[in-house]
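2 protein chains.
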Amino acid sequence: MTESPPSITDAESQVMTVLWDQAPRSSEEIVAALADTGWHEKTIRTLLNRLLGKRAVAADRDGRRYQYRPLLSREQWQSQESRSLLDRVFGGRVAPLLAHFSRHEKLSDKDIAELRALIDAIDRKEH
Amino acid sequence: MTESPPSITDAESQVMTVLWDQAPRSSEEIVAALADTGWHEKTIRTLLNRLLGKRAVAADRDGRRYQYRPLLSREQWQSQESRSLLDRVFGGRVAPLLAHFSRHEKLSDKDIAELRALIDAIDRKEH
DNA sequence: CGATACGAATTACATTCGTAATCCTTGGGA
DNA sequence: TCCCAAGGATTACGAATGTAATTCGTATCG
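In the order they appear, the protein sequences are chains D and P. Here my numbering is used: the first residue of the first sequence is 1, the next is one more, and so on. Here my numbering is used: the first residue of the second sequence is 1001, the next is one more, and so on.
It cannot be assumed that every hint is accurate.
Unchecked claim - Okay, derived cross-link-like pairs now, BS3-like style, lysine-lysine, Cα gap no bigger than 27 Å in a straight line:
#: 1; chain 1: D; residue 1: LYS125; chain 2: D; residue 2: LYS110
#: 2; chain 1: D; residue 1: LYS125; chain 2: P; residue 2: LYS1054
#: 3; chain 1: P; residue 1: LYS1042; chain 2: D; residue 2: LYS110
#: 4; chain 1: P; residue 1: LYS1106; chain 2: D; residue 2: LYS110
#: 5; chain 1: P; residue 1: LYS1110; chain 2: D; residue 2: LYS106
#: 6; chain 1: D; residue 1: LYS42; chain 2: D; residue 2: LYS54
#: 7; chain 1: P; residue 1: LYS1110; chain 2: D; residue 2: LYS125
#: 8; chain 1: D; residue 1: LYS106; chain 2: P; residue 2: LYS1042
#: 9; chain 1: P; residue 1: LYS1054; chain 2: P; residue 2: LYS1042
To be verified - Now the stretches of chain D that chain P is said to cover, found in silico as 3 or more residues with beta-carbon under 8 Å:
#: 10; region: 20-33
#: 11; region: 43-49
#: 12; region: 69-81
As the list claims (entries may be wrong) - Calculated from the model, a selection of chain P residues having no Cβ within reach of chain D, i.e. all distances over 10 Å:
#: 13; residue: VAL1018
#: 14; residue: ALA1023
#: 15; residue: SER1027
#: 16; residue: GLU1028
#: 17; residue: GLU1029
#: 18; residue: ALA1032
#: 19; residue: ALA1035
#: 20; residue: ARG1045
#: 21; residue: ARG1050
#: 22; residue: ALA1059
#: 23; residue: GLN1067
#: 24; residue: ARG1093
#: 25; residue: GLU1105
Don't read these hints as lab results, they were simulated from the structure. Just so it is clear, CB atoms sit at the ideal spot from N, CA and C, and this is done for glycine as well.
Build the full structure now, drawing on both the sequences and the hints.
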């Protein structure tokens, strides 16, 4: 059986975010970092456990506590989600997605600058 | 109360796809068009009904049958899904998403051309 | 004219997800 | 030494979702 990257839910991804931001962390720290969500401490511990079950995070014993760290990387997750959107919504083709963004999304100056840099980078890479 | 565009599930979107492809259609035609999914006819009718409940499709009486047609457009749906990905996964910014694609997805020449056209269009719009 | 078949409407049911509450263990303080 | 509180593990529970089965109404065929 091959290990496919774990798929995580929306709520779970918010927990991952705090670990991607900094790790390892104790559950107490994670709870603190998620104070703004309004989630109950119990809820966050549940999410942590589900992530453990999915092997999206690892827990290293630290005395009577655990230190949690991500196993699934943010990049892996972004890839999964992007590919999912691409396949589900745009028939797997990038161009329609780009066309969609160009027609419907408001791009900030920063976005535009980054896009320009992106294209330049691609140009250079293709020499 | 303002009408927000209905949010549809993954299975439902596959039904929408056949209506976006061509409409109006009878349920029989829709079932036929979804033969490759392996879904039971009952399943497809259930999805149609849920879409009706969400006002994502309309049913126009045609004798003792209905002719179904989409109320939610493919473009609207693509926008919703794109924005959702953007917000959930890329902090709401387009450039990181595109940067991600450029790093991890194979961009065809056509894709790159579109990207360039996108920037050019923006440039012109901003005069 | 009565039974049937087909589409529509309603109901069903297991799983996943969001959101906790409850139970279990054990290190530390009274 | 004994009890408690903080964390971890387990259980709960309603809503949404995937996937149907059951029931209902009626046009049609024998």
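Test the statement that P/ALA1059 is away from the interface with chain D: the closest C-beta pair must be farther apart than 10 Å. About 25 Å separates P/ALA1059 from the closest Cβ of chain D, which puts it past 10 Å; holds.
Using C-beta distances, would you say chain P covers the region 20-33 of chain D, given that this needs three or more residues below 8 Å? violated (count 0)
Claimed clearance of chain D by P/ARG1045, with the beta carbon kept past 10 Å: 22 Å, holds
Just double-check P/GLU1105 for me: nearest Cβ-Cβ distance to chain D has to come out over 10 Å. 6 Å, violated
Between D/LYS125 and D/LYS110, is the straight-line Cα distance small enough, at 27 Å or below? Judged against 27 Å, a Cα distance of about 22 Å means the pair holds.
Are P/LYS1106 and D/LYS110 close enough, with their CA atoms no more than 27 Å apart? 24 Å, holds
Taking 27 Å as the top limit, are the C-alpha atoms of D/LYS106 and P/LYS1042 close enough? 42 Å, violated
Classify the label on P/GLU1029 as holds or violated, using whether its beta-carbon is more than 10 Å from each beta-carbon of chain D. Nearest chain D Cβ is 21 Å from P/GLU1029, so the label holds.
For P/ALA1023, which was marked as not at the interface, is the minimum beta-carbon distance to chain D over 10 Å? Given a closest Cβ separation of 18 Å, the condition holds.
Taking the minimum C-beta separation from P/VAL1018 to chain D, is that value above 10 Å? 14 Å, holds
If you look at each residue in the region 43-49 of chain D, do at least three have a Cβ nearer than 8 Å to any Cβ of chain P? Violated, because only 0 residues of the region 43-49 of chain D bring their Cβ atoms closer than 8 Å to Cβ atoms of chain P.
Does the claim that P/ALA1032 lies off the interface hold, with its Cβ farther than 10 Å from every Cβ of chain D? 21 Å, holds
Figure legend: structure checked against the earlier numbered hints; hints not met, in rising order: 2, 3, 8, 10, 11, 24, 25.
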